[in-house]
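Participant: Spelled out from the first residue to the last, the chains are:
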Amino acid sequence: MKRTMQTILLTLVLAAFSVAAATVGQPAPGFTLKDVSGKPVELSEFKGRYVVLEWVNPECPYVQKHYDSANMQRLQKEFTGKNVAWLAINSTNPRAYDYKTPAQMQAWMKQMNGAVTATLLDESGQVGQTYGARVTPHMYIIDPKGTLIYAGAIDDRRSTRLEDVKTAKNYVHVAMGEALAGKPVSTSSTTPYGCTVKY
Amino acid sequence: MRAQLSLILLAFSAAVCAEPVRTPHVEAELLAPRTAIEPGKPLVVALRLKIAPNWHTYWRNPGDSGEPTRITWKLPPGYSAGAIQWPVPERLPAGPLTNFGYKNEVLLLTDVAVPQGASGPVTLAARADWLVCNPERCIPEGADLAITFSGNANGRTAWAEAIERAQALLPRKAAEVGPWRFDARGAAGAVVLDIVPPAGIRLASPVYFPYEEGRIDNSAAQPVERAGDAYRLTIPASRQPVGAFTRVAGLLAVAQPLDAQGRRAVEFSVPVTGLVGPAAAAPPAPESAPLGLAMALAFAFLGGLILNLMPCVLPVLSIKVLGFVSNANQGAAQRRLQGALFAAGVVGSFLLLAAVLIALKAGGTALGWGYQLQSPLFVSVLALFFFALALNLSGVFEFGNVLPASLSGARVSSPRIDALLSGALAVFVASPCTAPFMGAALGFAFSQSVPVTMLIFTALGLGMAAPYALLAWNPRWLGSAPAPGPWMTRLKQFLAFPLYATVIWLAWVLGTQSGLDAVIALLAALLALAVTAWLAGLATRRKLAVRAIATAFALAAAALAVHAARAPAPGTPAISSAESAAAAWQPYTRHRLAELTAAGTPVFVDFTAAWCVTCQVNKQLVLTRPDVERAFTDRGVARLRADWTRRDDEITRALAELGRNGVPVYALYLPGRSVRLLPEILTRETVLAALAEIGHPKSIANLKRKEAP
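One line per chain: the protein sequences are A and B, in this order. If you read the first sequence in this note's numbering, its first letter stands for residue 1, the second for the next number, and so on. If you read the second sequence in this note's numbering, its first letter stands for residue 1, the second for the next number, and so on.
Bear in mind the hints are in silico, worked out from the structure with no lab data behind them. Cβ coordinates follow ideal geometry from the N, Cα and C atoms, glycine included. Errors might be hidden in some of the hints.
Listed next, with one range per pair, are the computed distances between beta-carbon atoms [what the hints assert, rightly or not]:
{"hint": "1", "chain 1": "A", "residue 1": "G182", "chain 2": "B", "residue 2": "R625", "range": "46 to 54 Å"}
{"hint": "2", "chain 1": "A", "residue 1": "G48", "chain 2": "B", "residue 2": "V617", "range": "52 to 60 Å"}
{"hint": "3", "chain 1": "B", "residue 1": "N54", "chain 2": "A", "residue 2": "R49", "range": "39 to 47 Å"}
{"hint": "4", "chain 1": "B", "residue 1": "T246", "chain 2": "A", "residue 2": "G177", "range": "25 to 33 Å"}
Just a few of them, taken from the derived set where beta-carbon distance is under 10 Å, the chain A residues facing chain B [what the hints assert, rightly or not]:
{"hint": "5", "residue": "P58"}
{"hint": "6", "residue": "C60"}
{"hint": "7", "residue": "P61"}
{"hint": "8", "residue": "K65"}
{"hint": "9", "residue": "V135"}
{"hint": "10", "residue": "R158"}
Can you build the whole structure from these sequences, using the hints too?
Facilitator: Now the structure itself:
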């Protein structure tokens, strides 16, 4: 009896361990999440390809800036066209007012003409917190070997003004371009901007 | 366009005019202290944002998300505006993230240079854009604002005082204020900032607000150590840094005013010497997935249940249960009512304790479970109380002889109050004990909102009251109890001995807190109490002289107890136990822990207190076992002891970071791994199994040596 209790306690303590945040230059933490149709998607499925992770929340004005200007969709189209896997992840807590059900997420992505490989739901926030995703949009790039090569903002213009996307330096575009050309990523960490992820 | 605007505005006002603009969550306007400009003299203009309750706007560095408020000025030729002078922000937590910003109302001041030849009415216009957020949503808002100065009378406006006050509170550069000294150096996962403020200035809860983004972990606590006039702030680095952490530049904000003006921050900038090490060896991150509410409630209930078996509670409750045997003829309804009242007493006392803890915490005092025992006075009173109880069990006196007739009469005539009070008493005597499961539940309780904290304490109380209340409901569950008889008196007398032992232990606790003199004073108080009790046992009501002497001894006991508690606390424990003197254990400091983990040394931290029975049992039965000690030595584990016997904010904070609120806590830091907590009740096997993960560096070394020719 005593031993059983100890085992239970130990298991609980172990389960409570924190996971280190994803770090540029280090292997990207693996995960399995369900997509909007309920199908589990595993990061390791995309080994051998570049993977872009985009943290998304349709109600966020910063996300709206990049979707209403079609900036995000353009990026998605360009790189999924070059065999890059693009995963949009929503880590919003189901208790938050701006939570979207899988069906709502699916409808929104369709309405926006998104060109993502998959739209994933991370309702527990576990994957978001493992990656240290703080805002929407928070962007990550993983190389074919599974190493994180970029983490940060989508561009250098912290604003909600649609017209800014034209003049901004798009970090993801630059980093993906460099990576696909076989060059090292010149700017691999930037300060992300946007709305707090509603964990 | 601009001229038109000024004309329109002029039409509305004779002096200074600014219409507030209302957006859905903010009321914005431009304000000035004076009604007219003075040629060649700079003018301060305030952007006032009146923010809806629960919403906030952002500081120049917004923290983990958000966007600073921006002002784009549209000024007449010759005029120019400076940058926003930001007031000291607040830390605004949002789940695991933190922002820096303002709530309610903020005045953002800007200096506007007025040209020499300026004259006549003038309008200063600006576009202000801000992001306003509540914990749920963020709205970008903005307004076109203008303020017109009509020229003639150079009077003060209604806002002059508020603006001057805001100016006076703006943080100043440390170098302009006095001889502040800042030194920063890189450590493992953090920057250590040493601060020496000018003489006479004390820093209350200092916090660093960085100007640069992406360098620090915005949500992490910044632990502070104080040594004389110097302070050491450990600033945890971001786990996803953006660029190198080479400079500490920003505000040092404190909770108490630094000067007569009421300023609460200084601005400073200092380079970081050395490198910030990888965050892998950083001070432990708080557990990311603590208990859920349901689990915490279950743990609290279980912990309360187990409290009954703790050595401080068991004798007291045994006596209560004996009551069922002796009062076998008592009505069932009466007995059940008493059981329920006892439970109410237990739960009520726990809630009272929780309320006190919450109130003290809100006042900024760092406390945790068992905090009462950090007070020498409480320890002395508890010792006297246990001693009196033990003397009573030994048969030296009966309570009825001591208490004034009216009071003891009330006690007998109202068994309900008696039951309620014994519930409170059980909690009182339980305070030195932490049962298994309680630690995790209490740690969770204090990281939650007040109602949740109260709920968990209720579960704890229900758990503790359950066995007695159930037995009161049906004593047959006790099993076949023997018939009442002389054995009951003997058992009662025997139960006095664990209580005497408890008194010895409390004397030892007082010794570690306040030294030998305090212990002697306590022993003298116990002697006086014994004499009082003996006299009370003899006394018949009529012998006034005996009662007078008894009272005198009682007063002496009280005075001595207070004296014992007042004895000055020695710098280091006056009576140190043999183990803590042993070189194997080093005293815990955050700094030492960071050093050891940075060097890749496995570290075991024993969070303990002399008054914590569970801790002492673990220490004697497990941690000091020769085979356990050998395992520590063989595997090169550094052992740190965090002694919480007296109040220690640093240890309280370290406990909070581990998600705990009381001792014991056993934390094992292995290089490259997150911190691991061992159960509150240690066994030799758990410790050895945990240590086995490290491997055997020493024996490997020995092996190699043997292989060498």
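Participant: Taking the hints in turn, state whether each one holds.
Facilitator: Comparing the hints with the structure gives:
1. A:G182 with B:R625: 46 to 54 Å: violated (60 Å)
2. A:G48 with B:V617: 52 to 60 Å: holds (56 Å)
3. B:N54 with A:R49: 39 to 47 Å: For R49 (chain A) against N54 (chain B), whose Cβ atoms are near 44 Å apart, the range 39 to 47 Å holds.
4. B:T246 with A:G177: 25 to 33 Å: The hinted range 25 to 33 Å holds for T246 (chain B) and G177 (chain A), with Cβ atoms some 29 Å apart.
5. P58: Check failed: Cβ of P58 (chain A) comes no nearer than 12 Å to chain B, outside 10 Å.
6. C60: Holds. Min distance 7 Å.
7. P61: holds (5 Å)
8. K65: Holds, about 9 Å.
9. V135: Hint on V135 (chain A): holds, closest Cβ of chain B at ~4 Å, below 10 Å.
10. R158: Holds, about 5 Å.
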